[in-house]
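Engineer: These are the residues of each chain, in order.
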Amino acid sequence: MREGGAATELAGLVGCIGFTFADAKGLRLRRERVTAAHPGMSFAIFPRRSSTASRLLAASVACAGGLVSASALAQSAPAGAAPASTAAPTSTAAPTSTVTLPRLLDASPPAYPAGEVREVDVVLVVVIAETGALDDAAFDSASQQGSPLEASAAEAFVQSALEAVRGYRFEPARRDGQPIRARIRIPFAFRPTLPVVASAPARESAGSANEPAPEPHVPSSHALHGDDAHLEVTVHGDRPLRTERRAASDYFLHREQLEAAPHLEGVDALRTVPGLSVFRTEGLASAPSYSLRGFDSEHGQDIQFSVGGLPINLPSHIHGQGYADLGFLIGDVVDELRVSEGVSDPKQGDFSVAGSLDVGLGVDGERRGLTSKTSYGSFDTFRQLLVWAPKEAARESFGAASYTSTSGYGENRAGQAASGIIQHRFGEGPLSVRFVGFAHGASAGSAGVVRRDDINAGVVCFTCVYPYATARAQGTTAQRVMAGFFVDYRGPEHASGSLGLWVGRDDYRGQQNFTGFLEKSQTLPLESGRGDLIEQLNVTDSVGLLGRYRTEAFEPTEWAHGTVEVGSDARLDFINQQQNLLDASVRNQTWDRRVDAGISALDVGLWGDLDWMLGEKWVLRAGARADFLSYIVDDRLGNRPSQDRDQDSFWPGYRRSASGVAFGPRASIEYEALPWMTLLGSYGEGYRSPQARLLADGESAPFTKVWSGDVGARFRLDPRVELSLAGYLTRLSDDVAFDASEGSLSRIGATERLGGTFYSVVRPTDWMLTSLSATYVHAVLLEPPPATAEEPSPPFVPGQPVPYVPPLVIRLDSSATRQLVADVAGKPLVGRVGLGLSFLAGRPLPYGQTAVPVGLLDASAGVSWGPLQFGLEGYNLLDSRYAASEYSFVSNWSPNEPSSRLPARHIAAGAPLTLLGTLGVTL
Amino acid sequence: MLALALVGFGAFGCYESPQQSVELALELAGTPASDAPLSDEGTARLSRAELAFGPFWLCPGAQAGELCDTARLEWLDAARVDVLSSSAQSVGELRGVTGEVQSYMYDLGISSLLGEPGSSFVAPVVDELGGSVWLEGTASVRGVDVPFGVRLTIATVEKSEQGVPVVRKSTSEAFSHRVSEADEALRVEFDPNAWLGSLRASDLLVDAPCAEGVELGCREGLELRCEAGVEVGTRSCAALDQACRAGEGCVEQLGWSEDEPAYRALVQAVTAGVRPRFEFR
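Taken in order, these protein sequences are the chains called A and B.
Per this note's numbering, the very first residue in the first sequence carries number 1; after that it's consecutive.
Per this note's numbering, the very first residue in the second sequence carries number 1001; after that it's consecutive.
No lab work stands behind these hints, which were simulated from the structure alone.
Be careful, since some hints might not be right.
If you want the ones that stay clear, here's a sample from chain B, every Cβ over 12 Å from chain A, calculated [claimed, not checked]:
| hint | residue |
| --- | --- |
| 1 | Asp1035 |
| 2 | Pro1055 |
| 3 | Met1105 |
| 4 | Glu1136 |
| 5 | Arg1225 |
| 6 | Ala1246 |
| 7 | Gly1249 |
| 8 | Arg1281 |
Calculated Cβ distances over 10 Å to all of chain A for the following chain B residues [to be verified]:
| hint | residue |
| --- | --- |
| 9 | Pro1124 |
| 10 | Gly1130 |
| 11 | Ala1208 |
| 12 | Ala1238 |
Cut-off 25 Å, straight-line C-alpha distance, at most; resulting in silico cross-link-like pairs (SDA-like, lysine to any residue) [what the hints assert, rightly or not]:
| hint | chain 1 | residue 1 | chain 2 | residue 2 |
| --- | --- | --- | --- | --- |
| 13 | B | Lys1159 | A | Val833 |
| 14 | B | Lys1159 | A | Ser746 |
| 15 | A | Lys520 | B | Gly1143 |
| 16 | A | Lys520 | B | Asp1069 |
| 17 | A | Lys520 | B | Ser1119 |
| 18 | A | Lys520 | B | Glu1066 |
| 19 | B | Lys1159 | A | Asn580 |
| 20 | B | Lys1159 | A | Ser585 |
| 21 | B | Lys1159 | A | Asp648 |
| 22 | A | Lys520 | B | Ala1155 |
Cβ atoms here follow ideal geometry from the backbone N, Cα and C, with glycine treated the same way.
Turn these sequences into a full structure, and let the hints steer you where they fit.
Structural biologist: If you want it as structure tokens, here you go:
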């Protein structure tokens, strides 16, 4: 910290507040410490006669809504030292979070309004985003109570203060090392007669002591007046209702990371998640294909997705268990991703096999208002986005709509999609209600897959479709609507709770042909070779409930204290599904019926969870979860007429029911080995529900069981560098993989994965961010199905790598945002560049094949000036010909020649170089 | 670091792909002509035996046909083969992967296709041969030499078997080999002499006495001239190195149409009779 002069000195207002929160009952919660402010935590400048003057510090820490203020008398330390302050605010923060308050990195005092001679105090309420950028700044009119300013006079001082604060740079507040959004109050004291005041305190506090301080400035205006500085700091909105980040492989990804690299679609933001790959393989209207740390999740079978608390996976979907289409996501309202890789949290339910991922929605202050963005680019891609986020409303409150149309790259990929998402939080304080809903519709063609040998022979081009009606008829139409009400309770002493009710409807109709002309009708024996165009229809009506309550903290012994949580979630799904073979050359004549079923599926989950601090360094979380699943299946094509019975001796159909209980313990332990290193271990047993149609009558539902263990460490060597390293071992009792003949999933037996993830987030400067992750996995099949007469040459053998799983996934996201020109017609011109790099090592394929590795480079550049933004985005800049998915199976795309019966490599071509220009305006 | 150790351990996990791509030379060979006994009496000796061979699949399961959706090795072409020559004729490369093969199936130049009923693919070699199999020879029955010649068109005709190759390993036949990268070639050796065993003496030495409306009959290799159902003269076809055919008298070769038993017998012999021998090396 710059040594303070005799007359003035920066206010180290909240210098290193290592205070311990205490609740109303006086319980000490040692882990709830806020390392607040720093030697240079002066949000403004003010004159001080003595560096040791005492000041009144009022600190309010209101994590997630329950704003509770407390005051403490802080004795400021001598200039240059970190003044330790203690406070005893009531906190409702989670018991193990460590909160670091924001600090000022760069500031200049406001100009004193010309013609004024008065002493005026102005308080601004400033919101600092996770990036450290100023999110919002507004005049706190309430601060003028008792000394009201005239409106006109206030305007001049307020404008001066606002102008000044817009140039400030902050280190963001952090919780557990993760940047969080924070709101602080900055008082400005305009004193025309006082001498010069200048500062750049936070630079010093950030370790840049050698940097020269700005020159003094005249006239001066000062934040805080007198020796007693009254500062309120509010860290808000981010206190999780419960601790979600439990294991070494749990990550919070904030907006600044998610938007570092350009994303063609909202769902592409998921690529930033360590170990997760996302590819569009079946066109704009079908769910992307996901793969997470050694699990080929296809369309979502191994990842529990939720958006704003709404569960996205669809059980027993005809196109794949756990089908999760995140195509409705609008990137501009994706606020954060909460990722739990592995199973360690009792809250994780169905499909949490590789892990769970919750998308948080919101619009931060900088972007609030009415935003319109129009994009146009390669392949006639047009995108229109509208976001409406009232500035006075909570961050979570917004409405957004988007429309996209494209001719698509190559052939048969034209499509369009529209999405609308609305979220609003009602009320403040301990009890608030959040409504969230979305509607989505999409229709798009698909080129399906083409054989590599046909590409090499020039039969079909890389991005083309086979010239048959059955190939050109491929495509998907999808519709989905979901809505939910969630009541959140944030009580004292860590108590919290939620109640939710949601409903949804999903309609899916897809036509795909993977194998060309191989199929024979099972219902019309003499029909064959009319094109393997598989039509899948699925309608799911869902309703769900959820509720949880975490107790207040209690401390039965000196060395142990914590909370207990109980929760439940339940859903009921009514599913109607069909699968047929269509002859596209004859107006989609149905020439075979494979599935016609109605399913009622119920899942009721219960869990309990302990979250306990043991001593000073250990945190133990332990619990268990049990799910009761029940199915009623009306298989209308079951028991087809067979040869041993006359066809007219019975009616086709096989109605059956099955139920079972999936139970699994979950536990994690955390040890603070060093101030900069935390060691973590976790274990959990999860499950994936069965495809209901495959159940026999009375069968105890054969859940896919997962055993998952993680060990690792998190490092925080410097506020600007976060690192984590995790190793994991996961075993699955009964895995599934893509089966081209049915265009869906089939069992491949038990599998095991051993791997590790490296993850880092580095902020070398306050205007640059880079996150890098690398996930390696050794995934093998343990007990694939043996050869049978029907399948004499199974594609899998024991010890074989799990198909379609990339053994190595590397992801780099980087961005830089800087002011290019300070003043262009009164407004700064800000530039921004972004970079995204993905690498997937060659994926093992059935029959001992290996796919070609994939490397993709995306980049963006843009400028913003006042309300206007212009950007240019480039995807696959190296224009590499890559396969978004690659398979190995038998097909026949030469219907007029003898067909090959050897498994052949098939690819769904990824997008070539794509450029997109965007013009935006925010009002 | 434990995590690193785990990753390191995983990196050295052992796995060798169970299937390696292989290519084997496909060699076709025949058997020199010999006097082959007919099914009842007499013998026959081939002077020409050619067939259109292919496509050809080797399957992992014990049963080919419908249960061979996924093959281990295949050759999708078709070639004209002199199956009276014991010299190996290299016709192309079998492509596929290593592993056990337990059955085979092949077409004879004409492949049934899925799609429209009866649709098939006819290899050019079939046009050259005038059919799937071309056989010529001389039978000797009761001291009479009878030249014969036939071109067989062999294809899958059953609707229920559409798309299935015409010749498949029989369930009783022993066939098994583990294809490895050490295998260089597969020799398929046919014995057309064996096919002749499906013929009967009566198929060759036609007995067609004079009758009302018959002008030319046959008896023991003699051409019968008939008038009003009465034999009025004879001619020895054998003396002319010819055969006698009912209604036609002496002809250069005796042949059969698709609806004649001899034709069907030969088709049966080619598709379901004595099977070729397979030799990997």
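Engineer: Are all C-beta atoms of chain A more than 10 Å from that of Pro1124 (chain B)?
Structural biologist: holds, 12 Å
Engineer: Grab the minimum beta-carbon distance between Gly1249 (chain B) and chain A and tell me whether it stays above 12 Å.
Structural biologist: holds, 43 Å
Engineer: Are the Cα atoms of Lys1159 (chain B) and Asn580 (chain A) separated by 25 Å or less?
Structural biologist: holds, 22 Å
Engineer: Does the no-contact call for Pro1055 (chain B) survive, Cβ to all of chain A over 12 Å?
Structural biologist: violated, 5 Å
Engineer: Could you let me know if the closest chain A CB is still more than 12 Å away from the CB of Arg1281 (chain B)?
Structural biologist: Consistent with the label, Arg1281 (chain B) stays out of reach of chain A, its closest Cβ about 22 Å off (over 12 Å).
Engineer: Run the distance test for Lys1159 (chain B) versus Asp648 (chain A): straight-line Cα separation, threshold 25 Å.
Structural biologist: holds, 24 Å
Engineer: Taking the shortest Cβ-to-Cβ distance between Met1105 (chain B) and chain A, state whether it exceeds 12 Å.
Structural biologist: violated, 9 Å
Engineer: Does Arg1225 (chain B) clear chain A by more than 12 Å, comparing its Cβ with all Cβ atoms of that chain?
Structural biologist: holds, 51 Å
Engineer: Is the claim that Ala1238 (chain B) lies outside the interface with chain A correct, judged by CB distances over 10 Å?
Structural biologist: holds, 44 Å
Engineer: For Lys1159 (chain B) and Ser746 (chain A), compute the direct alpha-carbon distance and say whether it is at most 25 Å.
Structural biologist: violated, 30 Å
Engineer: Taking 12 Å as the cut and beta carbons as the points, is Ala1246 (chain B) off the interface with chain A?
Structural biologist: holds, 39 Å
Engineer: At 10 Å, judged by beta carbons, does Ala1208 (chain B) keep clear of chain A as stated?
Structural biologist: holds, 41 Å
Comparing the model with each numbered hint stated earlier shows that hints 2, 3, 13, 14, 15 do not hold.
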